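Participant: Protein chains in written order, with UniProt numbering: chain A, 1 to 299; chain B, 1 to 343.
What the hints contain is simulated information worked out from the structure, not anything from laboratory work.
Note that the coordinates shown come from a computational prediction; the quantities given were computed from them, not determined experimentally.
All residues carry an ideal CB built from backbone N, CA and C; glycine is no exception.
Be a bit skeptical, because a hint or two may be false.
[As the list claims (entries may be wrong)] Across the chosen pairs, the derived CB separations fall in these ranges:
hint, chain 1, residue 1, chain 2, residue 2, range
1, B, VAL162, A, SER81, 43 to 53 Å
2, B, LEU224, A, ALA145, 19 to 29 Å
3, A, ARG286, B, SER194, 42 to 52 Å
4, B, LEU147, A, ARG21, 28 to 38 Å
5, B, VAL162, A, PHE13, 22 to 32 Å
6, A, ASN8, B, SER194, 31 to 41 Å
7, B, VAL145, A, GLY47, 32 to 42 Å
8, A, ILE82, B, SER194, 53 to 63 Å
9, B, ALA216, A, GLY168, 23 to 33 Å
10, A, GLY141, B, LEU49, 55 to 65 Å
11, B, ARG323, A, GLY47, 28 to 38 Å
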Amino acid sequence: MTSIEVTNLSKHFVLREGLKRNTLKAVDRVSFDLTPGRTVALVGESGSGKSTIARMLSRLEKPTSGQIKVTLDDGTQVGGSIYRRHVQMVFQDPFASLNPFHSIEHHIARPLVIHHRTKGREQTHERVLQMLERVNLTPAGDMAARRPHELSGGQRQRVAIARALAPGAQVLIADEPVSMLDVSIRLEVLNLMARLQREDNLAVLYITHDLATARHFSDEILVMFRGRIVERGPADDVILDPQHPYTKLLALAAPDPEQAGKVIATETTFDHKSFDNQSTFNHYTREWTSADGEVLERV
Amino acid sequence: MTNLTPTTEPSIGDAPDQLAAVAGALGEKPRSALRAMLPTLTPWLVTGLTLIGLIALFGIVGPFFVQDPTVIRNIGLTAPSADHIMGTTQTGQDVFAQLAYATRGSLEIGLLVGVLATILSAFFGILGAYIGGFADEAFSLFSNVFLVIPGLPLVIVISGFVPPKQRGLWTIAVVLAITGWAASSRVLRAQTLSIRNRDYVNAARVSGERSFRVIAVEILPNLLPVLASQFVFAVIAAILAEAGLAFLGLGASNSSTLGTMLFYAQNGFALPLGAWWWFIPPGLIIALFGTGLSLINFSIDEIINPRLKNARLYRKRNKTALRNEAARLTSAARTGKTQRSAS
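With the rest of the complex left out, here is chain A (with noise of 0.2 Å):
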């Protein structure tokens, strides 16, 4: 089993306009674990620093300063090439996610045989059917010869959901996987990562703007706000008890089917950047910090 843990973690873009240079804190001293068996949720709006974190963490993208630490049962730390082979990511776009060349299959095989988890060419031909059956991509057989353009948007992301595990990912990272999809799929590809999740004893990071997904589907909410978390605690405790405002703002933004017709907020309350992003509330501790970890308050 893998765990990461990530300690102040924070990406800053440099920004020219002419001789002036700006620095842009995309994520910020960011912190939070990742264990087996347990979803986290990052929620924030576009442009919060979501998925900075997760390029970040699959490294896509090199931290300005913080740590990433992926760590065995055992205590060994995790590093180098080896990384990938344990933290993998699921990206928001299937229809970009996969190379309209390239059929199912080598999709599939070559994280197989870069991590060297099979054998062979045949050895990694049944491995990849056995993948596609995983994720309910049925005839395998038939979904492995295809190209990308010849599946729907919910197969294609099932099929980078088995791309992601095929090196035998212990840590899953999901940016916005269901975002792109209809919304008739979404519950399947969503139970399907549960299922996985379950079987598996995955650590997921599920990134969205979506509260109610991230409700149903984690166990912990984190909420970002212009690079910072501002919020963080069980998800029910964050949905149904937002200390943060911007918090409050996302939780009124989700329609309530009981109210239909009412106006739930004026265009003023959605004026939302002059809000303060350097507390956090921590709902296990029911605290206020600092960026610098002071406690600010007690609630």
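Got chain A sorted already, so can you dock chain B onto it with the hints?
Facilitator: Just chain B now, kept in the frame of chain A:
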């Protein structure tokens, strides 16, 4: 009553269905990626391929069957006859034989330059864009410099600088390649920049693919149509440029090309003497070869921009729909007539 029949009007959304139907009808096996990239056989493509095929065949096989092009006879400039089907030059050399050898020479140059220029442009365009940062800036600057260098004058200077004895086929090919790769490299760079940020490239990197494999297996296949089109253009440009150089007397010294033929025709006063058989055949072959390659290029364009392909599909569908409608109307009229006559 007329409204009861379902309309057969084609809509744009039907195209993928029809594509799928066509693919389904063609075979049970899913088509391989390379097969799907091949252009469909259109009249243009067939014309282009036929032209190129015939000219290439002439260049490859022709020299084995014709007379010796260098033999000088004291018959002077003669019009086409049974002995010399394309007449002779001022010095009595057989034009048809010269044409066969010249076509082969031009094809060699074109192919050589096409390959060299494509390799150069792929190297500087794709690699720089994929690595990014300083390498990209450096490669980009390098190709920009080559882009603004005026090609023909540079070619003239270089070929003039190399002594005629060493000015062989390879020299000319290298000179033409290094002056001709820059524009394609810019296009490839732009395409690579777009592709390298797509999710499937990121996904391959997350899977643990090495950079070399990411470029060769994930990015390069998606650039194939662009590369093919650039190769075809490089061949046309090279044959034309070589003809221009040779016409100026700066061509390869040890081989004859269509350009050198034109050069000798010009020197031998073919035009004032009205010896059309001397300069029209090489000119025509250059023109037809260019036309053929351009026609092929149009078809490659359809792969790069599938909308062009779909547009053709809609037109075809429209026609079929109209024909079906007409057939339905006539058959309806006929049955109406028979019913009336029966009653």
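Participant: Each hint needs a verdict: does it hold in this structure or not?
Facilitator: Status of each hint after checking the structure:
Take B:VAL162 and A:SER81: their Cβ atoms lie about 50 Å apart, and the range 43 to 53 Å holds. Hint check: B:LEU224 to A:ALA145, Cβ distance near 21 Å, so the stated range 19 to 29 Å holds. At about 49 Å, the CB distance of A:ARG286 to B:SER194 agrees with the hint of 42 to 52 Å. Separated by about 31 Å at the C-beta atoms, B:LEU147 and A:ARG21 satisfy the suggested range of 28 to 38 Å.
Between B:VAL162 and A:PHE13 the C-beta distance comes to about 51 Å, which lies outside the given range of 22 to 32 Å. With their beta carbons about 35 Å apart, A:ASN8 and B:SER194 fall inside the hinted range of 31 to 41 Å. Taking the beta carbon of each, B:VAL145 and A:GLY47 are about 39 Å apart, inside 32 to 42 Å as hinted. Separation of A:ILE82 from B:SER194 is about 32 Å and departs from the stated range, judged on CB atoms against 53 to 63 Å.
Take B:ALA216 and A:GLY168: their Cβ atoms lie about 26 Å apart, and the range 23 to 33 Å holds. Between A:GLY141 and B:LEU49 the beta carbons are some 37 Å apart, a value that contradicts the proposed interval 55 to 65 Å. In this structure, B:ARG323 and A:GLY47 break the distance hint of 28 to 38 Å, their C-beta atoms being roughly 54 Å apart.
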